[in-house]
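Could you put the whole structure together from the sequences, leaning on the hints where they help?
Top line first, the protein sequences correspond to chains A, B, C and D. Just so we're aligned, residue 1 is where the first sequence starts under this note's numbering, counting upward by one. Just so we're aligned, residue 345 is where the second sequence starts under this note's numbering, counting upward by one. Just so we're aligned, residue 689 is where the third sequence starts under this note's numbering, counting upward by one. Just so we're aligned, residue 1033 is where the fourth sequence starts under this note's numbering, counting upward by one.
Simulated pairs of lysine-lysine, DSSO-like, Cα-Cα distance not exceeding 30 Å:
#1 Lys-186/A x Lys-874/C
#2 Lys-874/C x Lys-774/C
#3 Lys-346/B x Lys-430/B
#4 Lys-1118/D x Lys-1034/D
#5 Lys-1218/D x Lys-530/B
Partial list, derived from the structure: chain B residues whose beta carbon lies under 10 Å from chain D:
#6 Arg-529
#7 Ser-531
#8 Gln-533
No lab work stands behind these hints, which were simulated from the structure alone. Don't be surprised by glycine CBs; every beta carbon is placed ideally from N, CA and C.
Protein chains: 4
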Amino acid sequence: MKNAVIFGSSGYTGAEAVRFLLQHPRLRITALSAHSRAGEPYETIYPQFAGHDLPTPQRIEDIDLSDVDVVFSCLPHATGQAAMAKALEQVETVIDVSADFRLRDPEAFAAVYGSEHQYPALLEERVYGLTEYARDSLLGARLVACPGCFPTCSLLALLPGVEADLFTDAPIIVDAKTGVSGAGRKSTQAFGFAEQAEGAHAYAVGNHRHAPEIEQELSLRGYATTISFTPHIVPMNRGMIATCYATLQDGVSVEDVRQRYIERYAEDRFVTVLPEGVVPQTRHVRGSNEARIGVFADRAPGRVIIISVIDNLAKGSSGQAVQNYNLTQGWDEALGLSSTALFP
Amino acid sequence: MKNAVIFGSSGYTGAEAVRFLLQHPRLRITALSAHSRAGEPYETIYPQFAGHDLPTPQRIEDIDLSDVDVVFSCLPHATGQAAMAKALEQVETVIDVSADFRLRDPEAFAAVYGSEHQYPALLEERVYGLTEYARDSLLGARLVACPGCFPTCSLLALLPGVEADLFTDAPIIVDAKTGVSGAGRKSTQAFGFAEQAEGAHAYAVGNHRHAPEIEQELSLRGYATTISFTPHIVPMNRGMIATCYATLQDGVSVEDVRQRYIERYAEDRFVTVLPEGVVPQTRHVRGSNEARIGVFADRAPGRVIIISVIDNLAKGSSGQAVQNYNLTQGWDEALGLSSTALFP
Amino acid sequence: MKNAVIFGSSGYTGAEAVRFLLQHPRLRITALSAHSRAGEPYETIYPQFAGHDLPTPQRIEDIDLSDVDVVFSCLPHATGQAAMAKALEQVETVIDVSADFRLRDPEAFAAVYGSEHQYPALLEERVYGLTEYARDSLLGARLVACPGCFPTCSLLALLPGVEADLFTDAPIIVDAKTGVSGAGRKSTQAFGFAEQAEGAHAYAVGNHRHAPEIEQELSLRGYATTISFTPHIVPMNRGMIATCYATLQDGVSVEDVRQRYIERYAEDRFVTVLPEGVVPQTRHVRGSNEARIGVFADRAPGRVIIISVIDNLAKGSSGQAVQNYNLTQGWDEALGLSSTALFP
Amino acid sequence: MKNAVIFGSSGYTGAEAVRFLLQHPRLRITALSAHSRAGEPYETIYPQFAGHDLPTPQRIEDIDLSDVDVVFSCLPHATGQAAMAKALEQVETVIDVSADFRLRDPEAFAAVYGSEHQYPALLEERVYGLTEYARDSLLGARLVACPGCFPTCSLLALLPGVEADLFTDAPIIVDAKTGVSGAGRKSTQAFGFAEQAEGAHAYAVGNHRHAPEIEQELSLRGYATTISFTPHIVPMNRGMIATCYATLQDGVSVEDVRQRYIERYAEDRFVTVLPEGVVPQTRHVRGSNEARIGVFADRAPGRVIIISVIDNLAKGSSGQAVQNYNLTQGWDEALGLSSTALFP
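What follows is the structure in structure tokens.
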């Protein structure tokens, strides 16, 4: 058994990390951090965990990391760099669920997140943990930056085509939809039930922080498109769709694309390419670490529509974090992640 | 007072027509039709109308049209052509909420709806009732084909740019999202509450029936783009978003687009172009006949994102039907449509 | 036309008052108040009202009441007594939607709301505006205390039986369910979408503030029961059910009860007693000022179950407020309240 | 490993049985039955199970039971008696999730379910599997009748008090609320998304089939009350609340009740009695086999309110079925049931 600590356990990604770790046969939660709610029993913060004898959340600075093997950091963006850097001095592995180490270029980080990156050296070292594209690098990695939920969903849909040079560099459009939990556990009027229920809307049109992250990963693979990225929020707790519109290279058919995707993910337990005509639905991955992808012919000739769905808190966040940690240890990547989706 | 009959009152668009007509100062409902539920008090079909003394639904063939001025036909697609044609022999005006007269070309109709059109001569005569683009033709019109919900939402977002030649003919992408009532009042497992709640998905990817209708209207204005159209269903009762991605002609700025849109709709009571940075939300038009449009710069240079929202049952269906009828009579187009949106 | 001002326009009951007044043929909104959001255009607070040219909210102390006829006060409980008292020096009528004047006994107010009542003299004067039981007192009333949403729903279900002495004084049980908007427009984590969706729970078990208000009205009619009152919150925006369990006097049948209820509300436009076997549903009164009541035989002999539904923001709050004001003026009580429920 | 077959795998309780069995370390699914959908891959019926290599559903008569150890029967009520009786000739254990063997008295069955019971001898033998009250009988049981969802939720809340004679025999009131999945996987208009969303209502008032089942279990323990039972349906997929109102015997305090409940369930892994003041919420047991109970003082002196919550498909159905099977085998009752609730 390895000992795990979760930083930022009072947010949704923290609670989701707890949920997965409780099912993990080789990890034991030895401490939790929370900031304003330090000292409260965890089951008053998240009553679903009553009866699990979880440690009471402490302030990070009060957590003894001496016997800890791994820290899952679910802190808000741009608030946990120092804590993670310090933890790395004591623990073997840090899995960062926040955005802090996603952008490799510190200037890009500063531009997107509005503050200087404090540990540019760690940016050199960190592994970008889009699992299905990072397995080789993950083994033994000390610091893993887990991708954002939208980048996870979008890149799983785009990278097989990019790798195989199936798309032209005409702008790719990613029209995304997320459940409300993607906004985090908020105390703001805008995310109140009566504000969000029975309605839908776009947000951050043309300027969402996840677009540069998606482009970073595309350009690393030599692909020079600009992403048009528009997220929408729809009235459900969990779930995310990326509907991606790309232009095919001459001579490439939609069936070519589908076959390529099937091959690319053939060995990947958590990514399924659906048969022709089957539409991926978020409800079928609710609570699970799965991603599902459908490839469709567009009405516009020479274009393809690729749709992927994930659970934003699972494969889009803490599920992928656990999957990544498993791989740093050379374990079966599915440890802790075997429960199927909850439907209905 | 004019006398109105609603064909197909047991569906959601029929009930919505009833709701608007009950608020209409110059229309009186004199008969309702229903097929399998003929003879049942209307308040057992739609209990919200208890106390309004509405006529008991009859079979269409049993309705006496001799004193009727207008028929609102909310029948399922491809089932009401004969009834409407016959009604036109007796009543002054037929407002068709179904798809039967939307496509002007009978061959297109047959291709899209799978049956021969029975009244091609009426297709010549009918007015396509996208109100803000049809006012001149509506006065005195005998047969009005109300646009589909997706075409209404999409065309309101696209036509000002098309009319002013602001877009290139690169394929326009319309990524649309609708509430579940858009599927009609169904008795199918797929639209059960527990099937639809807490999840979202695309459907009819690449082949939805509303795409040819959108293209028909664009091409009538000399615009030769192919529409890439992908509808999604999200877990809310009402509401529709069309997120439209277009490529700007050289020299056209996003601000030019917004100004053009503001001007185009300046006199239109039911269409509002929102200020820069304000995102349209379906909840703010819930139950009302309004459309709201936002114009946004895309990250991809030279591109624009135009987002419009409507209530699929109101402006997307029976609300626009009433608006259209008002204009056939030369009345204020807002009669019966003055109630504001219901939020929360 | 009379001039109306709404105090507390940034809350849900304030917005609902705006919605009804915009439909009112004899009232015109001349000012709105908001505290922290004073100075913001109202359409940034409630975008559904864009295009209605509403006054920009001001602080209460900045509102000129000299030409104002009526104030609808939608302020949070225990914050608006002074403002209402002062307004009464200038305007003819104050309709209070808050709890401040509901409990006639100042000591009861202090016990329940935790602060001394500042205007006990006004408590003597105010009319408790459960409309169907207050018509005689409402004509000419200067200060109307609108009942709470739960008391409205519960008392409509209980008072006909109490008046006619149909129930024993065994404790009456009121098990109530409300939509989330009943909590107000909150900025608290507990009312976030992801916290409330897909779940239900009781709250304030055994000690909700509305129980003494219900008992006050029962005891005024000589009825000495204690109310067992348990509210629950269920994941919908609007709607309220009170399921009431009472013991019948010897010789009283359930059919007797139903007949008595039908008679009692026969002339009441906004209260409907449903036929035997028809269950009231909140969705059928959504957005309307209606209440619906069903009377059912219990399995336990000698007992009756009476179920009533309202929209908590309409008949349970601002709709009843408008109804009450209409009656203070001797107008048709339905002015501004004629729109039917929004379903689906 | 034991071999398990699920009869009725196309309904929600069948799918939930599949979900739990996939997590079960000692059970393997060897066949599934479905009636109208026999021959379809299971993942087209329930796409969430894609990738799990489940057997294709067959008609029951085509399933070879020769190597099967246990049948979980999730067939609709009154349709599976013959199939279960026949299966008992070949398999060791049948766990019935339907209502067919819940009522011990065949006449009661006929009265409540409208058809004669075909196997009254099996009614003598069957064990009523309210797990926490049946452990002794479950070991080695061949036929287990799993309680209905409402009886499970209600009896867990009532039996400790009944056993300890804490309540008088005044009628106990159970006001229950369930999510929509409780109605099963329906193809009926009434359970459509747009019919159920944004609204709530009671149903089967005074005559729900689960009331006699609750009374059967109470009377078996010498308790002669009549249950007043009113179920409501609220717009969520999963979750159930029973709010129970009982009268205390003289000298019994609410604190006595709470202590008794805490003691009664102290050793029960899946039943938690919450601390004073903590309200049970359905969302905190979503997807898990847990029940949570809160004990509250009523405002009416001498009365107590006991509230319990479960997931209707888990502890209320297929979760309890697995728990029961585990106990028939002498296994840890939690096998297959260890995943925590999914929140948010």
